[in-house]
Amino acid sequence: MQTIGRFELRTISQHFGQTVVGIYETIDEALEGRDLKMKSQDLPLIIYDSINDEPVLPLTRKAKQ
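Start counting the sequence shown at 825; every next residue gets the next number (my numbering).
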């Protein structure tokens, strides 16, 4: 059986809505991906559980500059 990425890293834009920018197997990988993405852009980010169809944690926040 093949595994699928459970956790999606999404950006949130007022013009384009939510965009998936990364798919990860574990929450730790998703958190690492979020931290890296926050360094390269300043759109709000959220980690989404694709199996339960809901945000994992209230992690929507802007990148630190």
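It cannot be assumed that every hint is accurate.
[Claimed, not checked] DEER-style ranges, computed between Cβ atoms: (1) Asp866 to Ile828: 26 to 32 Å; (2) Val880 to Gly841: 14 to 20 Å; (3) His839 to Asn876: 23 to 29 Å; (4) Glu853 to Glu878: 28 to 34 Å; (5) His839 to Ile875: 16 to 22 Å; (6) Asp877 to Phe840: 17 to 23 Å; (7) Ile828 to Pro879: 23 to 29 Å; (8) Glu856 to Ile836: 17 to 23 Å; (9) Gly841 to Asn876: 19 to 25 Å; (10) Ile875 to Thr843: 15 to 21 Å; (11) Asp877 to Val845: 14 to 20 Å; (12) Val845 to Ile875: 15 to 21 Å; (13) His839 to Ser864: 27 to 33 Å; (14) Asp877 to Thr850: 14 to 20 Å.
If you're looking for bench data, these hints aren't it; they were derived computationally from the structure.
From the three backbone atoms N, C-alpha and C, an ideal C-beta is built for every residue, glycine too.
Taking the hints in turn, this is what the structure says about them:
The beta-carbon spacing between Asp866 and Ile828, approximately 29 Å, falls within the hinted interval of 26 to 32 Å. Roughly 19 Å separates the CB atoms of Val880 and Gly841, a value that falls within the hinted 14 to 20 Å. Between His839 and Asn876 the beta carbons are some 28 Å apart, a value that agrees with the proposed interval 23 to 29 Å. The hint said 28 to 34 Å for the Cβ distance between Glu853 and Glu878, and at roughly 19 Å that hint is violated.
Hint check: His839 to Ile875, Cβ distance near 29 Å, so the stated range 16 to 22 Å is violated. Take Asp877 and Phe840: their Cβ atoms lie about 20 Å apart, and the range 17 to 23 Å holds. Separated by about 18 Å at the C-beta atoms, Ile828 and Pro879 break the suggested range of 23 to 29 Å. Separation of Glu856 from Ile836 is about 20 Å and conforms to the stated range, judged on CB atoms against 17 to 23 Å.
At about 20 Å, the beta-carbon gap between Gly841 and Asn876 stays in the expected band of 19 to 25 Å. As the Cβ distance of Ile875 to Thr843 is approximately 20 Å, the hint placing it in 15 to 21 Å holds. Checked against the hint of 14 to 20 Å, the C-beta distance between Asp877 and Val845 comes to roughly 18 Å, which is consistent with it. At roughly 19 Å, the beta-carbon separation of Val845 and Ile875 lies within the given 15 to 21 Å, and the hint holds.
Our hint of 27 to 33 Å for His839 and Ser864 is violated, since their Cβ atoms are close to 19 Å apart. For Asp877 paired with Thr850, a C-beta distance near 18 Å keeps the hint of 14 to 20 Å intact.
Of the numbered hints given earlier, the model fails hints 4, 5, 7 and 13; all others are met.
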